[in-house]
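2 protein chains.
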Amino acid sequence: MSTERALIDALRALATSPAARGLADDAAVLELGGERLVLTLDTLLEAVHFLPDDPPQDVAWKLVAVNASDLAAKGAQPLGCLYSHALGETRWDHAFLEGLGEACRHFALPLLGGDTVRMPEGAPRSFSLTALGRGPTATSVPSRTMARPGDAIWVSGTIGDSGLGLDLLLGKTQAPCGPEADWLKTRYRRPMPDTRLGPALAPLVHAMMDVSDGLMVDLSRLAEASGAGAQLALERVPLSNAYRAVAGHDLAARLKAATAGDDYTLLFTAPPTHSARIRTIANEHDTPLAKIGTITPTTGLTLHFEGAPMPLPERLGYEH
Amino acid sequence: MSTERALIDALRALATSPAARGLADDAAVLELGGERLVLTLDTLLEAVHFLPDDPPQDVAWKLVAVNASDLAAKGAQPLGCLYSHALGETRWDHAFLEGLGEACRHFALPLLGGDTVRMPEGAPRSFSLTALGRGPTATSVPSRTMARPGDAIWVSGTIGDSGLGLDLLLGKTQAPCGPEADWLKTRYRRPMPDTRLGPALAPLVHAMMDVSDGLMVDLSRLAEASGAGAQLALERVPLSNAYRAVAGHDLAARLKAATAGDDYTLLFTAPPTHSARIRTIANEHDTPLAKIGTITPTTGLTLHFEGAPMPLPERLGYEH
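Chains A and B, in that order, give the protein sequences.
Letter by letter, the first sequence follows residues 1 to 320 in UniProt numbering.
Letter by letter, the second sequence follows residues 1 to 320 in UniProt numbering.
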């Protein structure tokens with residue numbers, strides 16, 4: 001067992017309140033005055049969650065977006081946020097605040113409070129943000145644990161764009177300059193979780209989470225948390241036109257997309273009888289929703305490509 | 001204007017929601033489902049807010065305590081907390097969690113969620129915690145801004161203990177080993193805000209905040225935020241027996257106490273007609289509450305010692 005794993009287990013042993021959901025979900029859910037308060041806290045650390053030369057406006061955007069994504073996955077409507085700012089170089093800090101203001105407006109997460117600390121010279125920048133949302137009350141707040149065998153597995157948006165954008169930024173993948181490459185890089189720097197989609201889907205889903213570490217690893221976590229398995233049809237993993245133009249859409253390209261991180265789209269399961277209503281929501285929100293597989297009674301993740309079973313890749317996504 | 005000041009002003013310009021209280025109070029207050037949610041986020045940074053060789057259990061305790069203190073100052077009952085853990089050395093981290101569990105139980109702030117990040121080698125440890133509380137609904141949630149001329153100024157507990165404890169730990173003050181010195185050091189490492197006292201006082205106060213940066217600087221902030229002034233009677237600043245034993249109780253000792261940080265006691269103002277009820281609360285909670293001055297119509301802080309006016313010291317407390 002890794003030391004990080006052991007520490008997380010020790011943390012879970014402390015988090016005995018039912019509101020904590022065993023620290024195994026994307027967010028905490030606290031009942032208060034007939035409302036359900038959904039709470040999430042994410043930290044971005046330089047060189048781990050963002051590149052040192054990423055524009056500060058984009059770092060701030062990402063800080064708000066990753067938390068907005070967690071709220072969306074719990075069907076919660078954004079209420080506001082608090083954050084801790086590590087003071088550094090003045091020009092960088094002001095550009096960061098410019099992006100923060102933009103993101104708070106975009107994701108309807110007004111800044112409610114926070115703290116500033118002066119970091120010592122040379123220390124990596126780190127920013128923690130706590131976001132609050134109002135969860136559904138007429139239906140349950142979606143968790144990772146409620147997928148049932150026979151459920152269809154769905155994903156919103158397109159997969160792999162952000163990971164490919166990062167590869168382009170790092171020079172790991174080459175592509176001619178052009179709108180496709182620019183679009184993919186922007187997907188890495190400015191994730192666009194859909195905060196209206198989650199609340200619309202919440203009454204129809206059995207389980208929901210956001211895709212942040214890679215479709216395969218996140219799907220295997222959802223299945224495991226539900227005591228079930230998942231069968232994923234790789235040919236159905238939705239790819240953007242830009243992704244196809246740069247990386248293609250063969251099996252290798254699909255495996256790459258489904259193991260890349262930072263998608264910040266929604267992964268959910270629902271009984272097949274809800275498919276028509278889910279497609280209606282996709283149309284209403286002008287967002288693609290793709291049915292990519294099925295929850296199975298047998299545990300574990302299995303892959304198929306055009307009907308044929310495929311071995312699992314060595315790495316399912318980011319495990320941090 | 002310092003660069004930190006300019007950044008805080010830029011942050012305030014973003015925080016336009018009334019729930020943010022202009023980022024000028026100890027906490028945000030969000031109305032939700034007929035309840036008032038009180039929210040605070042504080043970050044502790046190694047070598048700034050705690051000493052690198054402080055026991056990890058005590059660092060965790062302080063992280064929870066400083067946030068519990070903000071909740072108490074808003075008359076809020078603790079609901080829970082979320083925090084971000086910077087992973088470092090395994091043994092240190094586990095000892096930290098031991099202290100965290102102890103503090104969460106003591107302050108009735110169950111752990112609801114959080115995040116872990118792996119810090120690079122050599123980076124200073126930093127921990128952010130967001131605490132949530134349920135604010136009073138029958139009366140207003142106390143702010144810093146509502147002190148009125150003629151109000152009596154009160155403070156809970158004793159003042160200067162933690163600052164003197166830090167001086168002893170740093171060797172800046174010498175004292176014979178013994179229970180007094182140990183007690184003062186513990187006051188620095190394990191602040192003990194009274195989370196039941198704040199809610200009990202809330203219906204009686206005009207303004208309330210916690211003393212964290214030094215009694216004088218915090219009182220001058222409260223007065224300024226209220227558009228008023230404050231007259232402080234130094235001989236009434238409550239000193240513990242341990243403080244008196246180590247540092248004395250003359251004018252110099254009192255000035256030192258009233259400009260030291262990390263007290264985490266409550267500073268509040270109330271109309272003189274409430275004095276008897278406030279003394280009853282002090283008895284019920286077995287906590288000293290001392291009347292230390294008066295809110296004045298003229299702005300600015302003025303000092304008296306045994307009836308004679310005194311000049312202000314150069315430094316009123318920590319300005320960070």
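Hints are not guaranteed to be accurate.
Computed footprint of chain A on chain B; a stretch qualifies when at least three of its residues, placed anywhere within it, have a C-beta under 8 Å from a C-beta of chain A [unchecked claim]:
hint, stretch
1, 50 to 57
2, 106 to 114
3, 260 to 268
Derived contacts from chain B toward chain A, CB cut-off under 7 Å, selection only [stated by the list, open to error]:
hint, residue
4, ALA10
5, LEU14
6, ALA15
7, SER17
8, PRO18
9, GLY22
10, THR43
11, LEU82
12, THR145
Calculated from the structure, these hints are not laboratory results.
Backbone N, C-alpha and C fix where the C-beta goes; we use that ideal spot for every residue, glycine too.
Violated constraints from the hint list, given by number and in increasing order: Violated hints (numbers, rising): 1, 3, 8, 9, 12; every other hint is consistent with the structure.
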